[in-house]
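The task is simple: from the sequences and hints, build the whole structure.
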Amino acid sequence: MSLEIERETSFRVSSDVPFLASLWIIGGVYIILILSLLIADASYSTPSHFLKALQSEEIRYAIKLSLVSCTMAAILSLWVAIPIGYLMSRYDFRGKIFFDAILDIPIVLPPLVIGLSLLILFQTPIGRAIESKVTITYGIPAVILAQFMVACAFAVRAMRVSFDQLDPRQEQVALTLGCNRNQAFWLVVLPEVRHGILTAATLAWSRSLGEFGPILIFAGATRMRTEVLPTTVFLELSIGNVEAAVAVSLLMVFAAMIVLVIVRIYGLKGAIKFNQ
Amino acid sequence: MIDVENLSIRLGDFVLDSIDFHVPNGNYGVLMGRTGSGKTSIMESICGLLNTSGGTIKIMGRNVTNLKPASRGIGFVPQDGALFSTMTVRNHLGFALSIRNWERQRIEKRVVELAETLKILHLLDRIPYRLSGGEQQRVSLGRALSYYPNVLCLDEPFSALDDETREDMYKLLKLIVDQMGITVFHITHSYHEARRLADKIFRLENGKILEWDS
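So the protein lines, in turn, are chains V and P.
Residue 8 in my numbering sits at position 8 of the first sequence, and the numbers go up by one each step.
Residues are numbered in my numbering as their position in the second sequence, beginning at 1, plus a constant of 276.
Keep in mind that the hints were calculated from the coordinates and are not lab data.
For every residue, glycine included, the Cβ atom is placed at its ideal position computed from N, Cα and C.
Please note that the accuracy of each hint is not assured.
Under 10 Å between C-beta atoms, here's a sample of chain V residues computed to sit facing chain P [said to hold, decoys possible]:
#1 Gln165
#2 Asp167
#3 Arg169
#4 Glu171
#5 Gln172
#6 Thr176
#7 Cys179
#8 Leu187
#9 Val188
#10 Pro191
#11 Glu192
Right under this line is the structure:
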């Protein structure tokens, strides 16, 4: 006796259009919102406002200090984020969850609290001992330290993800080939995560560029001394010079866009090469 | 020669106990077994990449159980080759030699010699992502053999290759192994591969190693 099987003759799957359309609509609305902000800023500003802003000695100083301090903060962040990211990715140890939570504190704390905490830290005996050798509070080192405190936490996250994604086999092969852990790290692991390093540096740099709260509290907002671009926006707004504040804001947007686009193009090329 | 005596491995809930086997000097040993049976863990223990919880591992009569991977004299070829994406083929073949501070000319001579044997001389200045699967495994094999290791460990090295390339690799591997007289420990799922290459076939079943065929 044979079983009678009812063969499927027509089965129609519903259209993918509603699903894809909803993705595009949600994504599109957010992109439009961001672009609207930029367009609104741009419509508020004219080329003469830009020229006037760029001719201002204070603003030129703020641009220079922003570029230098963000670069310093990004370099310091990498210097700390690479070893911590590697440690967190490759080793299990007692208290790792607690250690991991501490690393996230600068991300979840309000920026003003970070500035206030830094200020208090440098009023303690240890902080005062450091201050007696190097002036930090209300100086350029305070700007860099305030930017570093927040930027580094993001760089650590980025580096950890990069190390997590790297197959440990390459490192293990290097160990069998004669490397000690230090050699395997410098000769094999670091070159393999070069795109992650670039991403972490970009993230740290862009976070530093936008940092304002901790700088205001810990470094102050002194013109021609601790004034970075977000401080300029605040100072210009406080004296009612909205046009200059908007022009400086747009300058920051352009600077951040240039860095992000360059990194994405470079990162994409690297990713394509790697996956081929 | 590889001697594994009473080896124990514990990885969370996964336990392997009383693992014993012996691959004589210059012999080609193949280990087979189901997926997840612990074959790779045994190989990693031999290579020094996984801590053991008991037993001894001897390479050429020397107890290497507590030695670092670099001090065991083992060439390791993993499943996917694990090539270094930033290095050229030349750099791969010379990597272990530059770590050992060989002179540049001596490294170059050894690299060319290996590349000729492995038929990858024309690929020396290429980087891995431009190589086929078979070419990548030749580079991985050359990198592992470059410093004249005592033992070669191969972890399913040909599983991702097509039949024709795999046949070529069997011939090449057999030729090199016969030339160098090296002891080999090879993991595979393929009985055909084991029969083509092995002097001894071991099977890992229910946590025990059985000598299946010689």
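Hint by hint, here is what the structure shows:
1. Gln165: Violated, because the Cβ-Cβ distance from Gln165 (chain V) to chain P comes to roughly 13 Å (cut-off 10 Å).
2. Asp167: 7 Å, holds
3. Arg169: 4 Å, holds
4. Glu171: 9 Å, holds
5. Gln172: Check passed: Cβ of Gln172 (chain V) comes within 5 Å of chain P, closer than 10 Å.
6. Thr176: The hint holds - Thr176 (chain V) has a Cβ within 10 Å of chain P, the shortest such distance being about 4 Å.
7. Cys179: It holds, given that the least Cβ distance between Cys179 (chain V) and chain P is near 6 Å, below 10 Å.
8. Leu187: Since the shortest Cβ distance to chain P is 8 Å, the answer is holds.
9. Val188: Holds, because the Cβ-Cβ distance from Val188 (chain V) to chain P comes to roughly 6 Å (cut-off 10 Å).
10. Pro191: 4 Å, holds
11. Glu192: Since the shortest Cβ distance to chain P is 6 Å, the answer is holds.
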